[in-house]
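Asker: Here is what each chain is made of, one letter per residue.
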Amino acid sequence: MSNYFFFIGLPYATIVIVLVGTIFRYMNFGFKISSLSSQFLEGKELFYGSRPFHWGLLSLFLGHLIAFLFPKSLMVWNSVPLRMLILEIAALGFGITVLYGLGMLVMRRFKHKRLQKVTTKMDVLVYVVLLTQVISGLWVAYFARWGSAWFPTVLTPYLRSLFVLDPDITAVAAMPLSVKIHIVSAFTLIGLIPFTRFMHFLVYPFPYLFRSYQYVIWNWDPKKIRISRKLVNGVRSKNN
Amino acid sequence: MDIRSQIAMVFHLDKCIGCHTCSIACKNIWTDRKGAEYMWWNNVETKPGTGYPSKWEDQDIYKGGWEKKGDTLALKGAGKFKGLKVLFHNSNMPVIDDYYEPWTYQYEHLFEAEEGDDQPVARPVSLITGDPITPKSGPNWDDDLSGSEDYAKNDVNFKNLSKAEQEAMFQLERMTMHYLPRMCNHCLNPACVAACPSGAIYKRGEDGIVLINQKKCRGWRMCVTACPYKKSYYNWSTGKSEKCLLCYPRVESGQAPACMHSCVGRIRYIGVMLYDADKIEAAAASSNDDLIKNQLDIYLDPNDPEVIAAARKNGIADSTLETAQKSPIYKFVKKWGLALPLHPEFRTLPNLFYVPPLLPTMAFVNEEGSYETTSESFWGAIEKSRLPMSYLASLFSAGNEEVIKNILKKLMAVRLHRRAETVGDLPEEESKGAMKDVVMDKDTADAIFRLTSLPLFDQRFVIPPAHREEAMEMLESTADVKGNTGFGFKEPPVRGL
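From first to last, the protein sequence lines stand for chains A and B.
The opening position of the first sequence corresponds to residue 1 in the numbering used here, with each subsequent residue numbered one higher.
The opening position of the second sequence corresponds to residue 1 in the numbering used here, with each subsequent residue numbered one higher.
Please note that a few of the clues may not be correct.
[What the hints assert, rightly or not] Derived lysine-lysine pairs resembling DSSO-like cross-links, with alpha carbons at most 27 Å apart:
1. Lys-32/A <-> Lys-215/B
2. Lys-136/B <-> Lys-44/A
3. Lys-55/B <-> Lys-405/B
4. Lys-44/A <-> Lys-82/B
5. Lys-32/A <-> Lys-216/B
6. Lys-111/A <-> Lys-34/B
7. Lys-216/B <-> Lys-335/B
8. Lys-80/B <-> Lys-44/A
9. Lys-136/B <-> Lys-117/A
10. Lys-215/B <-> Lys-121/A
11. Lys-34/B <-> Lys-113/A
12. Lys-32/A <-> Lys-34/B
13. Lys-113/A <-> Lys-136/B
14. Lys-216/B <-> Lys-121/A
15. Lys-113/A <-> Lys-44/A
16. Lys-85/B <-> Lys-32/A
17. Lys-117/A <-> Lys-215/B
18. Lys-335/B <-> Lys-32/A
19. Lys-63/B <-> Lys-44/A
20. Lys-55/B <-> Lys-44/A
21. Lys-117/A <-> Lys-216/B
[Claimed, not checked] Covered, in the sense of this in silico footprint (three residues per stretch, anywhere, with C-beta under 8 Å from a C-beta of chain B), are these stretches of chain A:
22. 27-39
23. 44-50
24. 125-132
Treat the hints as calculated values from the structure; they're not laboratory data.
What you are looking at is a predicted structure, and each value in this text was computed from that prediction instead of being measured.
Cβ atoms here follow ideal geometry from the backbone N, Cα and C, with glycine treated the same way.
Pulled out of the complex, with its shape left as it was, chain A reads as follows:
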């Protein structure tokens, strides 16, 4: 029964919450979306926490994504044992990097009183879920070897079945507890996005790469101001 709740109910609830929640928050509480950086209050220790954490996490996320999107390519890659070993060691390396970074970040939060002033209850929850996620992931990587070998045959079909609205949990239900914890905490983490600082990764500044450096806004078209008596309806600019 609990399997149905954790592996069917939770994922769908998560998807609904994330879609509705992030859009609602973006539209209605735009001011409150920020990276909420605390570097200004403490900069040195953040370097050893934030950099390894973020880069490690990005690499791991990319790895999981590839395993989900291209399971066959992964299996072909893994057909040579040495290649699989390299992949597994790299993944474990990134996992340890993330754990190290996260540990630094948590310690830093508790150590400095200034930082406690900008730490909310949701931040603590974020740390708890992240720690669960990372530690269970490392546990799986070490004790349920080799993840990259069974992920394409077990988890990819499960995740796919979720997406095609025909959930099939037989394979997942048979997985060891560590894997189950890893999956549940992953969905929890995603579900927390609209309520926590996780919002900041949804607003990663990709558009910056495609805009020109300088940015000038006219609140109205200066060439048209002289014929304003025509009273043409304009479009209210976003910053107005």
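Using the hints, position chain B against chain A.
Answerer: Just chain B now, with coordinates in the frame of chain A:
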């Protein structure tokens, strides 16, 4: 020619008395909030000194502004590649200790302390943690300490002076100082705008004010790094960056910004400058020697018929053109050539100009050990002046000493002329000679004197009408919303059932 209008400012440094009234006016209106206590959108520094945040001028530390890469420009510490690479930890960002930890005093304790043997005191407490602290630095901690080991000697602008020259400057007899009020320069080539990954910072086309859209800001903090003047601040409480907004609600309604309005020494002038936006890129990327000249060449003569025609074609209102013609900034910067931008070598093309201080340079010690302030010795000894020319040149002209000397001579000529006029104890040749030296006629000297010493309020602040009424009509038909908005009704006042 792409003509735009820009609100620009002039600070007359000889008149600044370092009273910090501007800073307080600004603080009371804008930054007296949680997370913003440490911000001084306007601050006054003592020079020589390290300023606020400490050593802000040293771009080897803070990596602010633009640098020349071949024929083009690149942001020194931010930008598309550099910025996104260090998004997770900004390597070049100042932290709160580079500014100071804001504090208040436990005044309540004076009233609420239990009866005891000792008089209750108001202890300083941190505005961040609430713990008692001992304040060890502040925004004007080095006020008037122009000869101090800790502050003045670490001034970045001394880098071009030899050891001996530096030693000489700190002899008691030669010590000198002046004040440097600073605020956002509302640059023509703003580094903060270019560095903002969220695209939250923008320059207003109509008047050139640079603003941060608080809703779009995501707190990536690149503007703090990029601004070479360190005038963009990170609010640690809201997680958003903030900066001087030139009191745009006041400017739009025709009032001078609070810092300018409250200026006790009346050192501040505000007005419109017309500039050619097509020239920005070339001017910002010009070689070090031409930098100051090319930057000032961007600004155009508002009385030139060609400029007026081009400006009208670009949609600049006649009222703006009129105010541009009366602009005190145009007079100081272009007509008389008396004012210079602060650190033009940062290549952001700042719109805040300073009349370099003449007073600290004037007096010097003669062979008998007494101060020499006569005009005669001034002309002969400008190199020997108390404040080395290279110091002022490092501040205002990217190292070009000739420009500074020329301005100081002009300022001196005006003084000599007025002394000859009012006191009459100077031989005519002396004042005439000084004027001839800098190619200045009597009327110009009088005009400079009047705008410097006896300006009326409306002559110091020539603010163009913002035409918000017409702007609104461009956005929506005002007739449609008549009766729907304002304080009066929560619902549209339509007849019920």
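Asker: Each hint: holds or not?
Answerer: Okay, the hints, checked on the actual structure:
About 8 Å separates the Cα atoms of Lys-32/A and Lys-215/B, which keeps this hinted pair within 27 Å; it holds. Between Lys-136/B and Lys-44/A the CA atoms are separated by roughly 21 Å; this keeps the pair inside 27 Å, and the hint holds. Of the pairs offered as hints, the one joining Lys-55/B and Lys-405/B holds, with about 26 Å between alpha carbons and a cut-off of 27 Å not exceeded. Distance hint between Lys-44/A and Lys-82/B is fulfilled; the C-alpha atoms sit about 19 Å from each other, no more than 27 Å.
With a C-alpha separation of about 10 Å, the suggested pairing of Lys-32/A with Lys-216/B holds against the 27 Å cut-off. Our distance criterion of 27 Å between C-alpha atoms is met by Lys-111/A and Lys-34/B, whose separation comes to about 22 Å. For the given pair, Lys-216/B sits about 40 Å from Lys-335/B by alpha-carbon distance, which is inconsistent with the 27 Å threshold. Between Lys-80/B and Lys-44/A the alpha-carbon distance is near 24 Å, which keeps this suggested pair within the 27 Å criterion.
At most 27 Å may separate the alpha-carbon atoms for a hinted pair to count; Lys-136/B and Lys-117/A meet this at roughly 21 Å. In summary, the hint linking Lys-215/B to Lys-121/A is supported, as the alpha carbons are separated by about 23 Å, within the 27 Å threshold. A distance of roughly 16 Å separates the Cα atoms of Lys-34/B and Lys-113/A; the hinted pair therefore holds under the 27 Å criterion. Restraint check for Lys-32/A and Lys-34/B: the C-alpha separation of about 15 Å stays at or below 27 Å, so the hint holds.
Simply put, Lys-113/A and Lys-136/B have alpha-carbon atoms about 18 Å apart, close enough for the 27 Å limit, and the pair holds. A hinted pair counts as satisfied when its Cα atoms are at most 27 Å apart, and Lys-216/B with Lys-121/A qualifies at roughly 25 Å. Only pairs whose Cα atoms come within 27 Å are accepted, and Lys-113/A paired with Lys-44/A is accepted, the gap being roughly 15 Å. This hinted pair checks out: Lys-85/B and Lys-32/A have alpha carbons roughly 24 Å apart, not beyond 27 Å.
A hinted pair counts as satisfied when its Cα atoms are at most 27 Å apart, and Lys-117/A with Lys-215/B qualifies at roughly 23 Å. The straight-line distance between the Cα atoms of Lys-335/B and Lys-32/A is roughly 48 Å, outside the 27 Å bound, and the hint therefore fails. With a C-alpha separation of about 17 Å, the suggested pairing of Lys-63/B with Lys-44/A holds against the 27 Å cut-off. This hinted pair checks out: Lys-55/B and Lys-44/A have alpha carbons roughly 19 Å apart, not beyond 27 Å.
With a C-alpha separation of about 24 Å, the suggested pairing of Lys-117/A with Lys-216/B holds against the 27 Å cut-off. Proximity of the stretch 27-39 of chain A to chain B, defined as three or more residues with a beta carbon under 8 Å from a beta carbon of that chain, is established by the 9 residues found. For the stretch 44-50 of chain A, the assignment as covered by chain B holds, since 3 residues bring a beta-carbon within under 8 Å of that chain's beta-carbons and 3 suffice. Residue count for the stretch 125-132 of chain A with a Cβ under 8 Å from a Cβ of chain B: 0. That is fewer than the three needed, and the coverage hint is violated.
Comparing the model with each numbered hint stated earlier shows that hints 7, 18 and 24 do not hold.
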